[in-house]
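Trainee: Protein sequence lines, in the order shown, are assigned to chains Z and W.
By this note's numbering, the letter at position 160 of the first sequence is numbered 160, and the numbering carries on one by one without gaps.
Take any residue in the second sequence, count from 1 to its spot, add 203: that is its number in this note's numbering.
Treat each hint with caution, since some may be false.
Claimed, not checked - Ranges of calculated distance between the beta carbons of each label pair, as one might list FRET restraints: (1) Z/T171 with W/S352: 26 to 32 Å; (2) Z/T171 with W/A384: 45 to 51 Å; (3) Z/S74 with W/A374: 43 to 49 Å; (4) Z/P185 with W/T393: 31 to 37 Å.
Stated by the list, open to error - Here's a subset of chain W near chain Z, in silico, CB distances under 7 Å, partners left out: (5) A254; (6) F289; (7) V298; (8) A301.
Worth flagging that the hints you see were computed from the coordinates, not collected in a lab.
Glycine included, C-beta positions come from ideal geometry on N, C-alpha and C.
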Amino acid sequence: MRFNPSIPDPSRLVWRSAWLVLLLGLGGFTPPASAWAVTHSALLGDSRMNPKRFANYFANFRFEYHPEVQPVDSFLRAERGDCDDYAILADEVLRRRQFNTMLVHVRLAGATAHAVCYVEQSRAYLDYNNRNVFFTLSRSSSSLREIATRVADSLEASWTTASIFLYAYATGEKRMLLTIARTDPPGTDRAAEPAPVSRLLVN
Amino acid sequence: MPSPDRTFRWLLTFLVIVAAVLLGVVGVTLREASRSVATAAWVNHTHALRAEAAGILASLHGAEAALRTYLVTGDARAQADYRAAFSDLAEHADVAKALTRLEPADSAKITRLEELLVRRADLARELIRMRQGGSDSDLRALLATDAGSEAVHEIGRLVERFRQEQAERLAERDRASYLQAQTTRWTVLTALVLDLLLLAGAAGLIRDDLRARQRAATAMQQANEHLETRVRERTAELMTANAALKGQSLEDRWARLALEHQLHYNHLIIDAVSELAIVVTKSLNITRVNPAVAHLAGCAASGLVGRPLGALVALAGTPAEDDPLARALKEGRDLRDRPALLADQAGRCHPVTFNLFPLRDGGKVVGGVVTLRVRAITST
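Excised from the complex, chain Z in its bound form:
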């Protein structure tokens, strides 16, 4: 094959782009988040979506506590949020791709809590704390007690209760399906089932 100088070498283009980004970064230039941020529609439209791929979208997100769950667009645009925002969005996106997901809320000693999204097909859960590490998926069985124990161990804390819950972006309503206490004997744990709507919910 004769050498044709008009066809650019792809590897050289990649290296040049990488050097440009590095120089810009060293120069303190940070492109606006909106320029690079993923959108809700992009997440929902990604035909190759899977838990690992979903986690990769959030590798550069930062942690910022919000007492309530953020609207999806706000979360994605700011690239800042907490475990609730991440887990609930993962549940919505992956459920649309026929993944069996489960939102788990783990309450820890000291009135702190953490939320994760369990994916049955992967036998693992998505944890916002692991968004920028190599192993973004944390292996676990689907047992609520085991998920709670692993989440607590990753935070080097003790858990008190764990719940499976549902969340609706439209109404902002969080509904508990099942709650277990750590001090209860494991044999008394019930399987998660749609619980009747709490009579304390007022819309």
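For chain Z, the structure is supplied; the task is to place chain W on it using the hints.
Mentor: Below, chain W without anything else, positioned relative to chain Z:
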């Protein structure tokens, strides 16, 4: 010195007891650690229950306040606030129920509390329906009949009483945990002291055994040194004796050589004597003759040695039953100038003059010397 087997058995016994105590301490410590973990879990459980109860009250207050704001203003933000507050209330109630599921008394209290909360939620829904339906007069009438503050105070009292009971349980569990920790501490300290005493005993045993072995080694070394000294002394004695023996042997050899020389010289003297000389034993057997006897007898001297004297020489005129030679030797007397006959090999008899002189050694007759002087040679 205690036997090595006995010391080893005692040592083994001590170490087995130390190991048993250590295992016991490990078992107690692990059990207490498990209890501590369980106690910590219960403490966290109780704190979580108190927190959920407080959360119920806080959410209720927030929901009531947001609801009243919405009822007055109809503001969508107030609506979102009361919805969120009631949602939190529902979550706190669910969690409280889960935490008390296996405790009937507490579960009954939470159920009672939930019933009161449901009444407030039902009232809220009714008020909202009236507000959204535009029934202001009905709304005002319902609000007037509502003993809201009293109901909320009732719920608050229930919650505070419940939290106080949980706090008392915490205090009890803390006391129990403290006593457990004390027990564990004393158990571990006692086991530590016991183990140290046992190890000290084992060290004492080892020290005594080592000292006994050291004493035995010293005694053996001393015995070896004494033995070596004795060996050296004995060797010196043997060397001295050996030197003396060598000297004695040399002297004996010299004496023997001198005797042999003297004997040879005596033989030369006897052989040089012209008279016939015969040496006989006490029993008159010939032991030595000089060449003159051999010449006269016509045979070699060796042929005569060992023969009785009587076969060669006989005294003349002596009766057969009389043996004056034996008698003279026995009595130790000389016999001089006796006529006798010497028979030679050819059978000829030569007349000789017979002399017998007893040989004495230490005063005792051991033999005799016979000298013969030829009176005439018988020719053939």
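Trainee: Compare the structure with each hint and give your call.
Mentor: Verification of the supplied hints:
Range check, Z/T171 to W/S352: Cβ separation about 29 Å, and the 26 to 32 Å hint holds. Under the hint 45 to 51 Å, the C-beta atoms of Z/T171 and W/A384, about 50 Å apart, fit the expected range. In this structure the hint that Z/S74 and W/A374 lie 43 to 49 Å apart at CB holds, the actual value being about 46 Å. For Z/P185 paired with W/T393, a C-beta distance near 35 Å keeps the hint of 31 to 37 Å intact.
At a threshold of 7 Å, the smallest CB-CB gap from W/A254 to chain Z is about 5 Å, leaving the interface hint in force. Evaluation of the W/F289 hint against chain Z yields a held restraint, the C-beta minimum of about 4 Å falling below 7 Å. Taking 7 Å as the C-beta cut-off, the interface hint given for W/V298 holds, the closest approach to chain Z being about 5 Å. The beta carbon of W/A301 comes within 4 Å of a beta carbon in chain Z, closer than 7 Å, and the hint placing it at the interface holds.
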